[in-house]
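**Student:** In case you want the letters, here they are:
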Amino acid sequence: MSVLIFVDQTENHIKKGAYEALTYGVQVAKQLGTTAEALVLGTVNDDLASLGKYGVTKVHQVANETLNHVDAQLYAKVIAEAVTASGANVVVFSHNQTGKAVAARVAARLKAGVVTGACALPDTSNGFVVRKTVFSGKAFANVSIHSAIKVISLNPNSYQTVAGEGTAEVVALNVAVDASKVKITAVNKVSGEVPLTEADIVVSGGRGLKGPENWGVLLDLAKELHAATACSRPVGDAHWRPHHEHVGQTGVQVAPNLYIALGISGAIQHLAGVNRSKVIVVINKDPEAPFFKAADYGIVGDLFEVVPKLTEEIRKMKASA
Amino acid sequence: MKILVCISKTPDTTSKIAFTDGNTKFDETGVQWIINPYDEWYSLVRAIELKEKDASVTIHLVTVGGPDCDPVIRKALALGGDEAIRVNADNTDSYFIAAQIAEVAKKGAYDLIFTGKEAIDYNGSSIGGMVAELVDAPYISLATLFELNGTTATITREIEGGEEVAEVSLPVVVSCQKGVAEQRIPNMRGIMAARTKPLQVVEPIAVEALTSVVSFELPPAKAGVKLVDADNVAELVRLLHEEAKAI
Ligand SMILES: Cc1cc2nc3c(=O)[nH]c(=O)nc-3n(C[C@H](O)[C@H](O)[C@H](O)COP(=O)(O)OP(=O)(O)OC[C@H]3O[C@@H](n4cnc5c(N)ncnc54)[C@H](O)[C@@H]3O)c2cc1C
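Respectively, the protein sequence lines represent chains A and B. Numbering of the first sequence is given in the numbering used here, commencing with residue 53 and proceeding in unit increments. Numbering of the second sequence is given in the numbering used here, commencing with residue 13 and proceeding in unit increments.
It is worth saying that the hints were derived from the structure and are not from the lab. A virtual CB, placed ideally from N, CA and C, is assigned to each residue, including glycine. Hints are not guaranteed to be accurate.
Unchecked claim - Taking lysine-lysine and the BS3-like style, the derived pairs with C-alpha atoms no more than 30 Å apart in a straight line are:
1) A:Lys129 / B:Lys14
2) A:Lys361 / B:Lys238
3) A:Lys330 / B:Lys257
4) A:Lys345 / B:Lys28
5) B:Lys37 / A:Lys345
6) A:Lys235 / B:Lys63
7) A:Lys370 / A:Lys68
8) A:Lys163 / B:Lys119
Unchecked claim - A few chain A residues that don't get close to chain B, going by computed Cβ distances all over 12 Å:
9) Gly85
10) Thr109
11) Val214
12) Glu217
13) Val223
14) Asn226
15) Val229
To be verified - Ranges of calculated distance between the beta carbons of each label pair, as one might list FRET restraints:
16) A:Lys163 / B:Gln195: 36 to 42 Å
17) A:Pro294 / B:Asp102: 37 to 43 Å
18) A:Leu271 / B:Phe31: 38 to 44 Å
19) A:Pro264 / B:Gly236: 32 to 38 Å
With the hints as extra help, turn the sequences into a complete structure.
**Tutor:** Structure, rendered in structure tokens:
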């Protein structure tokens, strides 16, 4: 019995979300009175022994370069073997792009029940019940897993990372890796920008910005806050902004610490993608805009006047800090 | 060339989310049912586009659910599927559903299986990956573009902070999202034609559910918005820094 945490990498570095999954998995292990171990696929430049800081005793690595790209079919096979080899009965993923590709597939391979989009530690007082977000963040479901092996994928930004002291033993896991049937012909990373789903702060614009030529005020604010940028659906549809910035029920779902909405009315479908944000700030000239009902802080006013002032005040605050 | 499109029935995006029976069941009172937007706008429409380019393509739709799914399946047929299969079972655990779809998929020997990126009610993002595992095919998730050239698919998919382009030989399972296609509205001809398209009802295979929902909960209501005067932007910055500790 143990907990195995899948530690996700991109371009040979461990992803931020993986630390949340590690902290969570270690806590699950404590609750079950067992140990937590990590699994890393592919080659990484980070010091894996230092993952011990999060409480894992062992890091299994399959250092095969084929695994530097996510091929769900290969990953499922390798991860399932690692689960069997390590004797894990709980497997933890991050519910990010990789987790969405792989977690359920691993579960099917192991005939294990899975809860994706988990947002709290399991309740093990009577069985094994995991809370997840449903209806696009408008509700929670408490889901019982009946199988011997349990797979959980954790919503990003729903569990605070805690690091302490410690070193983990790094062990090479010998697993045969087939040739990938998926050929990656191009990788286009948006350079210099904060990835939307990993961002602590998101600044988002709606139709209230009137046109793509007006995005400067928003970008200045985002830059000052090291924030990722997002937009409402009509803005994406009109190609004012790239479609990967579209948040909402039918776009990307985000859960940053701070979501700042500029000129967005707050339609129910938009809220569905942002309602898990910890703090929501709304700037809108219409006091009746529905977004104010979902907000923590708000300013009723013209964004073209308010936002440059906001950027300036933040700059001042930072300078004096 | 045979395409299988997975269709799920979900509440309309404006539905009030409430629960009954001691918070164990979704309250369906007054709820309008729609095709899950990801299934309809992206996977189904892309399949239809492929058929428009190549008349030899056939599109089958599959759903797991009771007779109450039939109107939604007919709507999907009106958009352009050729025939539909409904596995007559309660739509519960994702492994159960995936096993039913995989069974249909194996029997039909499909070249391409499309799902939506997730269903907007359960937000599982699980069915595509599970089906792919059960039929032992590659799985490309979160596709934003899908092109077919003979038996090779070129698929752009979302990765952390960007996109990557993958090439894969059929058969393949793909989960679709925005970018893959544009939403369409069914026309009268389609709606008439859908009435006579075959909708086959099959009984489920025996599969044990691995999970079950114990209860639902609604999030606590927000405390209410703190409004700051537009002339006092510095106060907002102070609140965000000192009170919310968000910047
Ligand atoms: C099935 C379905 C799915 C959908 N999915 C999504 C989704 O995923 N994401 C999404 O965002 N939408 C989605 N929508 C669309 C949604 O219903 C709304 O139409 C959309 O969110 C509105 O975008 P908006 O707020 O940018 O524009 P609007 O509703 O036009 O709002 C613009 C706002 O800007 C304010 N404004 C104007 N000028 C200024 C100014 N100078 N200063 C300050 N404020 C100003 C206005 O007061 C207004 O509140 C979906 C709709 C459907 C039917």
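**Student:** Would the pair lysine 345 (chain A) and lysine 28 (chain B) pass a check requiring their Cα atoms to be no farther apart than 30 Å?
**Tutor:** Satisfied, since the Cα-Cα distance of roughly 16 Å is no more than 30 Å.
**Student:** Taking the shortest Cβ-to-Cβ distance between glycine 85 (chain A) and chain B, state whether it exceeds 12 Å.
**Tutor:** 23 Å, holds
**Student:** May I ask you to test the hint 32 to 38 Å on the CB atoms belonging to proline 264 (chain A) and glycine 236 (chain B)?
**Tutor:** Between proline 264 (chain A) and glycine 236 (chain B), where Cβ atoms are some 34 Å apart, the hint holds.
**Student:** Within 30 Å, alpha carbon to alpha carbon, are lysine 129 (chain A) and lysine 14 (chain B)?
**Tutor:** 27 Å, holds
**Student:** Checking a non-interface call: every C-beta of chain B should be farther than 12 Å from the C-beta of threonine 109 (chain A). Is that right?
**Tutor:** 28 Å, holds
**Student:** Cβ-Cβ distance between leucine 271 (chain A) and phenylalanine 31 (chain B): within 38 to 44 Å?
**Tutor:** Once the Cβ atoms are compared, 42 Å apart, the range 38 to 44 Å for phenylalanine 31 (chain B) and leucine 271 (chain A) holds.
**Student:** Taking the Cβ atom of proline 294 (chain A) and the Cβ atom of aspartate 102 (chain B), is their distance within the range 37 to 43 Å?
**Tutor:** 40 Å, holds
**Student:** Please verify that the nearest CB of chain B lies beyond 12 Å from glutamate 217 (chain A)'s CB.
**Tutor:** 26 Å, holds
**Student:** Holds or violated: is the Cβ of valine 223 (chain A) farther than 12 Å from all Cβ atoms of chain B?
**Tutor:** 26 Å, holds
**Student:** Measuring Cβ to Cβ, find out whether valine 229 (chain A) lies farther than 12 Å from everything in chain B.
**Tutor:** Fine: 15 Å to the nearest Cβ keeps valine 229 (chain A) off the interface.
**Student:** Do the alpha carbons of lysine 330 (chain A) and lysine 257 (chain B) lie within 30 Å of each other, as the hint requires?
**Tutor:** Roughly 11 Å separates the two Cα atoms, so the pair holds.
**Student:** Is the straight-line distance between the alpha-carbon of lysine 37 (chain B) and that of lysine 345 (chain A) 30 Å or less?
**Tutor:** Judged against 30 Å, a Cα distance of about 27 Å means the pair holds.
Hint violations for this structure: none, all hints satisfied.
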